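Visitor: For reference, the chains in residue letters:
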Amino acid sequence: MENVNSFEERFQQKIDNEEKIEARDWMPEAYRKTLIRQISQHAHSEIVGMLPEGNFITRAPSLKRKLALLAKVQDEAGHGLYLYSATETLGISRDELIDQLHSGKAKYSSIFNYPTLTWSDIGAIGWLVDGAAIMNQVALCRTSYGPYARAMVRICKEESFHQRQGYDILLTMCNGTAEQKEMVQDSVNRWWWPSLMMFGPSDSDSPHSAQSLKWKVKRLSNDELRQRFVDMTVPQAEILGITLPDPLLKYNESRGHYDFGEIDWEEFRQVVSGNGPCNKERLQARVKAHEEGNWVREAASAYAEKMKSKSLASVA
Amino acid sequence: MENQLRDYILMMADNVMILGQRLGEWCGHGPVLEQDIAITNIALDLIGEARNYYQYLGETEGKKEDEYPMKRDVRAFKNILLTEVPNGHWGDTIMRQCMFDCYHYYLLEGMTTSKNERLAAIAKKSIKEATYHLAFSGEWVIRLGDGTEESHQKMQQSLDDLMPYFNEMFIPESYEIWCHEQNIAPSSEVVRSSANEKFNAILTQATLQMPEKYYSKKGGKSGLHTENLGFILADMQYLQRSYPGVDW
Ligand SMILES: [Fe+2]
Ligand SMILES: [Fe+2]
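Each protein sequence line maps, in turn, to chains D and P. Sequential numbering of the first sequence, starting at 1, is according to our numbering. Sequential numbering of the second sequence, starting at 1001, is according to our numbering.
In case anyone wonders, no lab produced these hints; they're calculated from the structure. Heads up, a few of these hints could be off.
Each computed DMTMM-like pair below joins lysine to aspartate or glutamate, with the alpha-carbon atoms no more than 25 Å apart [unchecked claim]:
(1) D/K64 - D/D168
(2) D/K181 - D/E266
(3) D/K310 - P/E1149
(4) D/K107 - D/E238
(5) D/K306 - P/E1034
(6) D/K181 - P/D1247
(7) D/K64 - P/D1247
(8) P/K1064 - D/D168
(9) P/K1115 - P/D1092
(10) D/K306 - P/D1073
(11) P/K1124 - P/D1045
(12) P/K1071 - D/E179
(13) D/K310 - P/E1150
(14) D/K64 - P/D1073
The model shown is predicted, which means the values in this text are computed figures rather than measured ones.
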């Protein structure tokens, strides 16, 4: 018993000293589980997140935008890869993780259950959704688990590029015709609240938060991150010349932050629990791609086996 | 610019544009994450190459690059029919890609010494990418052809289904013959023999059989397309058509 305690103490000591926990280090089982849940959820979000934007690749309005969107969605696939690898260091395979996604056991960010309807949605996603993701991820660059923190550093660089790209789409459109500007306003109206929901339930309602903060798996609370995001975004909306769809949004001199209205938590709960506009479609698309790829993966490993035994035979 | 040269550049551009557009449909739906990324890379390269040709035309004709892919209708496109065939399953896409890469690689190789300096420069840049594409698609044809019983059968079927589109690549239109005579483009016969040799070598390694009989289709190079192209363009051009004359 004493031993376990001293392991735990040393572990917490390391975290308190801002040292990274590495895969080979001792860690409490609950820490490992929390990380697997959080990192894989993050990985799944990158992958499912490819779908709403991928949707517009064939319809992008110019070759320049088409290439940028292709590259962006491809980056997200890369993020998924880094994060699956980071999760694998905790002793779980990518196949198991993907099964958890497909069976509905694992979650992904509920923002990707909203539909992309018009081209400016692509801009709004880059600006707001990647923007919100950055808030989270910049904080996570200092997370206590080494492989996760390092994956985040790589990812953050690309995310801020995505955000600028999205903003550029909107800015170009806002400088265009009235019709284009209207399209932008409509997109922002639809994506604003779901983006605020990306930070999760408010602190008073967030069951895992306290422990995660103590372990430095999380570095800032949901509400702190959400506030930062709002503070960053409002001035950018002003430059675009659009209105954010919240009548209560107002700068609070005494707090030094923007106040904003209450999130529709019922909508949040519905989307998280599977009743969002596209939950079914998103999961179906992932399952379909995976199942249709079965024969390809089988053939690739059969071929690799053949080559291995051939080269063994030639060595013998 | 002579009409023949213009047609030739459009053919080069439309081939990679339409195939890149097709490959873009895979993004997010690939059989493995790594392959999703790889196929998207090829799409990026091909559309990037298309831009180079469209920009060249645009500069000589005082138009924006997007005018060419976004404002022409089906009959004005000069891409070969192979590039507009639907993606099918991963094996179909890989087989289509391998056929195209065999052609594209040797075509670009011949174009690196083009008398037209602009085309030579584009070819020199693009052949580096095409080398990688051919290695990728060739390896996958072999892996799937010589993988499992199921994958072998699937790949044989893909080959049988796609062979009707193979020869069109090497049957020169009058503008290609003209460009060859002007030392702008390589001879279709030279491209054919190198591409055939390479493709057959891949098929042998993949344990696949060339179908004994097949009917060769053609028409794309002169604007006679399959019904597929209209739908591709409907998708690709929808914003430019719905909101004419605005910037994006
Ligand atoms: Fe990402
Ligand atoms: Fe991103």
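Visitor: For every hint, state whether the structure bears it out.
Guide: The hints, checked one at a time:
With a C-alpha separation of about 12 Å, the suggested pair D/K64 and D/D168 falls inside the 25 Å cut-off, and the hint holds. A C-alpha spacing of about 30 Å is found between D/K181 and D/E266, which places the hinted pair above 25 Å, so the restraint is violated. Distance check on the hinted pair: D/K310 and P/E1149 sit about 18 Å apart at the alpha-carbon level, within 25 Å; holds. Proposed proximity of D/K107 and D/E238 is contradicted: the alpha carbons are some 34 Å apart, above 25 Å.
In summary, the hint linking D/K306 to P/E1034 is supported, as the alpha carbons are separated by about 21 Å, within the 25 Å threshold. This hinted pair checks out: D/K181 and P/D1247 have alpha carbons roughly 12 Å apart, not beyond 25 Å. Taking the CA atoms of D/K64 and P/D1247, the gap is near 12 Å; set against the 25 Å cutoff, the hint holds. Between the alpha carbons of P/K1064 and D/D168 the distance comes to roughly 20 Å, so the proposed pair stays at or under 25 Å and holds.
Distance check on the hinted pair: P/K1115 and P/D1092 sit about 36 Å apart at the alpha-carbon level, beyond 25 Å; violated. For the proposed pair D/K306 and P/D1073, the alpha carbon gap of about 48 Å is over 25 Å, so the pair is violated. Simply put, P/K1124 and P/D1045 have alpha-carbon atoms about 13 Å apart, close enough for the 25 Å limit, and the pair holds. Our distance criterion of 25 Å between C-alpha atoms is met by P/K1071 and D/E179, whose separation comes to about 21 Å.
Under the criterion of a C-alpha separation no larger than 25 Å, the hint pairing D/K310 with P/E1150 is consistent with the structure, at around 21 Å. For the hint linking D/K64 to P/D1073, the alpha-carbon distance of about 20 Å falls within 25 Å, and the restraint holds.
Of the numbered hints listed earlier, those contradicted by the structure are 2, 4, 9, 10.
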